[in-house]
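Q: Chains as they are written, first to last, in our numbering: chain A, 1 to 154; chain B, 1 to 154; chain C, 1 to 405; chain D, 1 to 405.
Hints in this document: simulated from the structure, not taken from any laboratory. Just so it is clear, CB atoms sit at the ideal spot from N, CA and C, and this is done for glycine as well. Treat each hint with caution, since some may be false.
In silico negatives: residues of chain D with every beta carbon more than 12 angstroms from chain C [as the list claims (entries may be wrong)]: (1) Lys97; (2) Lys108; (3) Lys124; (4) Gly134; (5) Gly170; (6) Gly208; (7) Arg234.
Below are the DSSO-like pairs computed for lysine-lysine, each with C-alpha atoms no more than 27 angstroms apart in a straight line [as the list claims (entries may be wrong)]: (8) A:Lys14 - D:Lys56; (9) D:Lys56 - D:Lys185; (10) C:Lys185 - C:Lys140; (11) D:Lys140 - A:Lys14; (12) D:Lys215 - A:Lys42; (13) C:Lys112 - D:Lys140; (14) A:Lys8 - D:Lys316.
Computed, partial: chain B to chain D, Cβ under 10 angstroms [said to hold, decoys possible]: (15) Met1; (16) Tyr2; (17) Leu25.
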Amino acid sequence: MYSEKVLKEFRHPKNLGKIHNPDGLGKVGNPVCGDLLWIYIKVGKNKKGQEIIKDIKVKTFGCVAALATSSKLTTMAKGMTLDEALKINKEKIAKELDGLPPQKMHCSVLSMDGLRRAIEDYRNKKAGRIEPSKKQPSRSSCRHRNKKGNGKSN
Amino acid sequence: MYSEKVLKEFRHPKNLGKIHNPDGLGKVGNPVCGDLLWIYIKVGKNKKGQEIIKDIKVKTFGCVAALATSSKLTTMAKGMTLDEALKINKEKIAKELDGLPPQKMHCSVLSMDGLRRAIEDYRNKKAGRIEPSKKQPSRSSCRHRNKKGNGKSN
Amino acid sequence: MKRIYLDHAATTPLDERVLNAMQPFFWQKFGNASSVHSFGTEAREAVEKSRETVAKAINARPEEIYFTSGGTESDNIAILEIAYANRERGKHIVTSKIEHHAVEETCKFLEKDGFMASWLGVDKEGLVDLGEVGNAVTGKTILVSVMHANNEIGTIEPIVEIGKICREKGAFFHTDAVQSVGKEKIDVNKMNIDLLSSSAHKFYGPKGAGFLFVKEGTEIQPLMHGGGHERGLRSGTENVPGIVGLAAALEIAEKEREKENARERILAKKLLKGALGIENSWLNGPAIGPKRLSNNVNLGFDFVEGESMVLMLSDKGIAASTGSACSSKSLEPSHVLRAIGLPHVKCHGSLRFSLGRGTTAKDIDYVLGALPRIVEKLRKISPLRKGVDISEFEEDIEHVHGHEH
Amino acid sequence: MKRIYLDHAATTPLDERVLNAMQPFFWQKFGNASSVHSFGTEAREAVEKSRETVAKAINARPEEIYFTSGGTESDNIAILEIAYANRERGKHIVTSKIEHHAVEETCKFLEKDGFMASWLGVDKEGLVDLGEVGNAVTGKTILVSVMHANNEIGTIEPIVEIGKICREKGAFFHTDAVQSVGKEKIDVNKMNIDLLSSSAHKFYGPKGAGFLFVKEGTEIQPLMHGGGHERGLRSGTENVPGIVGLAAALEIAEKEREKENARERILAKKLLKGALGIENSWLNGPAIGPKRLSNNVNLGFDFVEGESMVLMLSDKGIAASTGSACSSKSLEPSHVLRAIGLPHVKCHGSLRFSLGRGTTAKDIDYVLGALPRIVEKLRKISPLRKGVDISEFEEDIEHVHGHEH
Ligand SMILES: Cc1ncc(COP(=O)(O)O)c(C=O)c1O
Ligand SMILES: Cc1ncc(COP(=O)(O)O)c(C=O)c1O
Numbered sequence: 001m002y003s004e005k006v007l008k009e010f011r012h013p014k015n016l017g018k019i020h021n022p023d024g025l026g027k028v029g030n031p032v033c034g035d036l037l038w039i040y041i042k043v044g045k046n047k048k049g050q051e052i053i054k055d056i057k058v059k060t061f062g063c064v065a066a067l068a069t070s071s072k073l074t075t076m077a078k079g080m081t082l083d084e085a086l087k088i089n090k091e092k093i094a095k096e097l098d099g100l101p102p103q104k105m106h107c108s109v110l111s112m113d114g115l116r117r118a119i120e121d122y123r124n125k126k127a128g129r130i131e132p133s134k135k136q137p138s139r140s141s142c143r144h145r146n147k148k149g150n151g152k153s154n
Numbered sequence: 001m002y003s004e005k006v007l008k009e010f011r012h013p014k015n016l017g018k019i020h021n022p023d024g025l026g027k028v029g030n031p032v033c034g035d036l037l038w039i040y041i042k043v044g045k046n047k048k049g050q051e052i053i054k055d056i057k058v059k060t061f062g063c064v065a066a067l068a069t070s071s072k073l074t075t076m077a078k079g080m081t082l083d084e085a086l087k088i089n090k091e092k093i094a095k096e097l098d099g100l101p102p103q104k105m106h107c108s109v110l111s112m113d114g115l116r117r118a119i120e121d122y123r124n125k126k127a128g129r130i131e132p133s134k135k136q137p138s139r140s141s142c143r144h145r146n147k148k149g150n151g152k153s154n
Numbered sequence: 001m002k003r004i005y006l007d008h009a010a011t012t013p014l015d016e017r018v019l020n021a022m023q024p025f026f027w028q029k030f031g032n033a034s035s036v037h038s039f040g041t042e043a044r045e046a047v048e049k050s051r052e053t054v055a056k057a058i059n060a061r062p063e064e065i066y067f068t069s070g071g072t073e074s075d076n077i078a079i080l081e082i083a084y085a086n087r088e089r090g091k092h093i094v095t096s097k098i099e100h101h102a103v104e105e106t107c108k109f110l111e112k113d114g115f116m117a118s119w120l121g122v123d124k125e126g127l128v129d130l131g132e133v134g135n136a137v138t139g140k141t142i143l144v145s146v147m148h149a150n151n152e153i154g155t156i157e158p159i160v161e162i163g164k165i166c167r168e169k170g171a172f173f174h175t176d177a178v179q180s181v182g183k184e185k186i187d188v189n190k191m192n193i194d195l196l197s198s199s200a201h202k203f204y205g206p207k208g209a210g211f212l213f214v215k216e217g218t219e220i221q222p223l224m225h226g227g228g229h230e231r232g233l234r235s236g237t238e239n240v241p242g243i244v245g246l247a248a249a250l251e252i253a254e255k256e257r258e259k260e261n262a263r264e265r266i267l268a269k270k271l272l273k274g275a276l277g278i279e280n281s282w283l284n285g286p287a288i289g290p291k292r293l294s295n296n297v298n299l300g301f302d303f304v305e306g307e308s309m310v311l312m313l314s315d316k317g318i319a320a321s322t323g324s325a326c327s328s329k330s331l332e333p334s335h336v337l338r339a340i341g342l343p344h345v346k347c348h349g350s351l352r353f354s355l356g357r358g359t360t361a362k363d364i365d366y367v368l369g370a371l372p373r374i375v376e377k378l379r380k381i382s383p384l385r386k387g388v389d390i391s392e393f394e395e396d397i398e399h400v401h402g403h404e405h
Numbered sequence: 001m002k003r004i005y006l007d008h009a010a011t012t013p014l015d016e017r018v019l020n021a022m023q024p025f026f027w028q029k030f031g032n033a034s035s036v037h038s039f040g041t042e043a044r045e046a047v048e049k050s051r052e053t054v055a056k057a058i059n060a061r062p063e064e065i066y067f068t069s070g071g072t073e074s075d076n077i078a079i080l081e082i083a084y085a086n087r088e089r090g091k092h093i094v095t096s097k098i099e100h101h102a103v104e105e106t107c108k109f110l111e112k113d114g115f116m117a118s119w120l121g122v123d124k125e126g127l128v129d130l131g132e133v134g135n136a137v138t139g140k141t142i143l144v145s146v147m148h149a150n151n152e153i154g155t156i157e158p159i160v161e162i163g164k165i166c167r168e169k170g171a172f173f174h175t176d177a178v179q180s181v182g183k184e185k186i187d188v189n190k191m192n193i194d195l196l197s198s199s200a201h202k203f204y205g206p207k208g209a210g211f212l213f214v215k216e217g218t219e220i221q222p223l224m225h226g227g228g229h230e231r232g233l234r235s236g237t238e239n240v241p242g243i244v245g246l247a248a249a250l251e252i253a254e255k256e257r258e259k260e261n262a263r264e265r266i267l268a269k270k271l272l273k274g275a276l277g278i279e280n281s282w283l284n285g286p287a288i289g290p291k292r293l294s295n296n297v298n299l300g301f302d303f304v305e306g307e308s309m310v311l312m313l314s315d316k317g318i319a320a321s322t323g324s325a326c327s328s329k330s331l332e333p334s335h336v337l338r339a340i341g342l343p344h345v346k347c348h349g350s351l352r353f354s355l356g357r358g359t360t361a362k363d364i365d366y367v368l369g370a371l372p373r374i375v376e377k378l379r380k381i382s383p384l385r386k387g388v389d390i391s392e393f394e395e396d397i398e399h400v401h402g403h404e405h
């Protein structure tokens with residue numbers, strides 16, 4: 001069901017854990033549906049003076065695909081400018097992993113969302129806004145996930 | 001599907017063939033449905049002076065069960081008084097063969113009918129009646145045979 | 001006793017190479033193909049590889065192949081579930097008078113459930129008439145089901161053209177290819193097929209395994225509900241050894257097809273020629289050639305009944321069949337022989353030999369040695385013979401007489 | 001690498017003795033069981049002998065056993081075709097909330113087709129309440145379908161009593177015994193069962209073979225139409241090796257049942273005890289004992305997700321499952337765990353071990369060595385932990401906290 005690359009990423013995940021005093025934190029997902037992601041970022045500057053993701057860590061509660069995509073996303077995002085990072089989309093993540101099963105595509109949406117929230121959180125804080133819009137539902141809520149896959153139970 | 005006894009009877013049939021100038025002849029069945037039986041009898045007398053079946057032969061066009069039952073019937077009937085012979089019924093024939101598949105029970109009906117017709121033919125002739133009621137439909141016409149068995153085709 | 005199997009249309013022995021391919025999946029790679037762990041993934045890989053093999057053999061895409069338990073199930077899914085999924089578009093189906101019971105009975109079931117079925121007639125050789133197909137298929141027709149090759153008389157139907165008519169008229173086209181897969185070249189694209197049924201045990205694969213091809217985009221729904229296996233169309237734990245065996249058998253059959261067909265055709269000709277030496281006998285179905293499965297020889301003998309011949313042949317070690325359901329278990333004369341216009345009484349005297357990979361010229365000689373004596377023996381005890389008037393038994397009877405061949 | 005298979009509820013390896021029993025039917029006695037010749041009769045004998053073996057094992061009569069392609073098919077025939085054959089009497093069915101998808105989805109299909117279904121709840125252990133059954137079954141109820149043993153948490157339902165209620169109220173009683181056949185003693189008469197489903201690959205038999213028991217006199221119709229095999233209820237060439245294998249496997253399972261159950265129960269207890277040493281863990285389903293299948297251990301672990309555990313275990317050579325469809329392919333949390341009242345978030349942390357004939361105490365030690373580290377590793381990277389407030393993510397969420405065990 002999973003590609004070799006997904007399995008490799010799952011087996012050797014990168015950037016898992018947390019950053020103390022992160023510059024931005026994005027919490028997405030829903031433990032009700034079985035996936036939860038917290039993305040921590042530290043922001044720095046590159047030589048051109050652009051803001052980049054200097055460090056990134058992720059904490060994930062979820063399935064194989066959730067773990068693999070969150071790991072993959074962090075390695076992709078690390079070192080990117082914030083604007084570049086915002087352009088990472090679900091297709092790009094899935095492509096890096098040689099694809100995801102259709103019913104697991106939401107996992108890459110989730111990690112993409114997590115990164116965007118973290119950047120948003122950082123920018124909000126910087127702009128002096130106190131809190132990100134926590135209650136805004138994540139794009140990867142259960143509602144997107146009910147399409148029945150190649151199910152089984154035995 | 002067939003009992004050992006049916007197969008044995010089929011493999012070693014008795015009294016097959018015809019009698020020239022029979023005392024009685026019973027023609028039953030229907031080649032349309034695949035079974036046709038002609039039973040020939042010679043009538044004699046036993047020591048008590050009762051009329052008995054002195055000789056009996058059968059010609060059969062039909063399936064394994066038709067051949068086996070017509071053979072079995074003739075061996076059963078041979079030597080019986082006509083009245084005894086008229087008491088042979090389909091259950092008795094089937095029993096002698098260790099049973100028949102349900103959809104083949106009509107075969108024993110057929111041979112029983114054949115024998116009755118032959119005796120009837122003999123008695124009619126003796127009474128001076130010219131012809132037995134030929135057109136009277138046999139009890140084992142196709143109509144009785146449409147019940148679907150454990151069919152197959154492949 | 002020597003045993004000669006000439007009933008390959010009924011079923012075939014498992015090819016030893018096929019069993020070898022299945023072997024690892026009995027107790028080494030025995031996992032459930034839906035399981036996440038390594039036992040599951042190795043089973044899944046085998047299933048998907050098999051799907052690719054099957055797809056390639058009929059020029060389909062792997063996603064268009066659905067594994068089932070056999071030909072009957074494939075036929076039932078195709079016919080019932082196209083009907084139910086498309087009933088809003090029309091309640092008319094078209095099929096032929098010579099289909100296997102798995103198609104025939106399924107269409108009859110639909111008739112009882114409010115659908116209308118048109119039953120296409122066939123000519124003396126068993127061929128459907130394309131003009132009749134064109135007339136039968138209307139805007140209300142949702143499905144046309146005509147078999148690729150007939151199981152009794154071996155007729156190969158003009159399915160390319162039938163498929164074309166269906167495409168033009170917007171009806172789905174299903175073909176029961178249970179007898180032809182592995183024996184005739186199949187290309188679902190070139191042949192305009194939307195659904196195709198197959199059963200592994202007819203081409204030296206395992207019993208209990210089959211597949212259904214469903215062209216992408218075809219509206220269909222499942223017959224059985226459950227865990228959503230086979231992309232939701234066929235639930236149930238995958239029969240991994242069966243699926244692997246099916247694919248292996250098909251691969252072998254495709255590779256050996258042309259050579260084996262040529263070989264069998266020669267033997268079939270030899271058998272036919274010898275058997276027609278018996279008087280009052282004939283061939284049912286088309287002449288041996290491109291319109292007929294290369295391994296099928298269906299003979300008719302006047303005055304004798306098929307089942308008795310089959311059993312007497314069996315006692316000589318020869319496995320043949322009546323070629324129809326009638327004398328084996330049910331009692332109606334063969335609907336196929338009736339459809340090609342054979343009189344009732346003649347339907348009962350049919351005998352089908354279906355050759356296979358193990359058949360040799362010596363086998364045919366042996367059969368030709370045994371057969372005439374058996375026919376003769378049965379004729380001797382039959383009340384029927386040339387010229388016997390059997391009209392007294394039933395009004396509507398045809399006279400018994402020799403049939404040209 | 002050492003591989004330890006603890007997913008016997010998903011499927012089992014074929015027993016070598018079973019394959020030996022099947023072997024002659026691959027290419028020696030390979031005939032079609034409906035054929036008249038000797039190849040056919042030897043196949044037919046094997047099928048009927050197998051039918052007797054199966055009948056004897058569950059105290060049924062041979063005529064009441066119908067061979068199918070597996071559990072899903074048996075469930076579908078039982079439920080769909082009792083419903084359609086008895087729709088005139090009433091359009092109400094009763095089932096439970098913890099059925100396998102093969103039953104659940106089939107009942108849902110009937111709901112869409114105009115039938116009414118009542119879904120029985122279960123208690124914390126997964127047991128159906130007999131009072132609720134009594135209330136649910138009315139004069140309009142034609143069918144009650146409650147499984148014998150649950151595939152996820154191993155609960156054994158009170159089917160004797162459920163059957164009794166059905167008898168009294170005149171409803172047919174079907175039980176999905178796919179998980180229990182060969183593991184629990186079954187007597188269809190004493191247990192008041194009208195229909196029972198089984199699948200061979202769950203008791204060391206071949207995949208692609210199953211049976212359905214249908215009590216004599218039960219009104220039912222076929223799901224698949226065709227040659228009229230299996231007394232008209234299940235058409236299609238008989239899978240002779242599969243049928244023979246099913247019967248051989250059942251015979252072995254019955255003979256070894258009690259001893260093997262006792263052995264597995266000891267191992268299950270050992271596994272459970274060790275696993276509960278991990279904090280924030282619990283057992284799903286009844287305590288190990290008569291209410292639970294002896295080979296089933298379904299554990300819950302807070303803060304981690306099942307599929308990830310399964311794959312990490314697999315990387316250590318251990319085959320387990322989440323015990324539910326949710327994380328393997330579809331995405332809903334297990335309906336069984338939901339039905340026993342487990343909060344949503346806890347459903348995702350379930351792990352099912354199902355033991356089998358090959359399982360040893362050493363295997364359990366190995367698992368108990370690997371499991372704590374895997375749970376720990378996943379917990380370390382999980383954002384969840386005791387006391388973390390996750391209510392911000394969804395209004396209706398339960399708080400994450402340790403669950404008593
Ligand atoms: C309780 C139960 N019912 C039905 C089934 C379906 O059986 P199969 O997958 O063999 O069709 C299974 C197993 O998958 C099961 O565990
Ligand atoms: C033409 C045709 N269709 C369908 C079938 C049914 O296949 P199965 O018996 O494998 O289900 C058969 C053989 O029995 C057949 O010959």
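Q: Give a verdict on every hint.
A: Tested hints:
| no. | hint | in the structure |
| --- | --- | --- |
| 1 | Lys97 | holds, 17 angstroms |
| 2 | Lys108 | violated, 7 angstroms |
| 3 | Lys124 | holds, 26 angstroms |
| 4 | Gly134 | holds, 28 angstroms |
| 5 | Gly170 | holds, 26 angstroms |
| 6 | Gly208 | violated, 3 angstroms |
| 7 | Arg234 | violated, 9 angstroms |
| 8 | A:Lys14 - D:Lys56 | violated, 58 angstroms |
| 9 | D:Lys56 - D:Lys185 | holds, 12 angstroms |
| 10 | C:Lys185 - C:Lys140 | violated, 31 angstroms |
| 11 | D:Lys140 - A:Lys14 | violated, 60 angstroms |
| 12 | D:Lys215 - A:Lys42 | violated, 70 angstroms |
| 13 | C:Lys112 - D:Lys140 | holds, 25 angstroms |
| 14 | A:Lys8 - D:Lys316 | holds, 15 angstroms |
| 15 | Met1 | holds, 7 angstroms |
| 16 | Tyr2 | holds, 8 angstroms |
| 17 | Leu25 | violated, 31 angstroms |
Checked against the numbered hints given earlier, this structure breaks hints 2, 6, 7, 8, 10, 11, 12 and 17; the rest are met.
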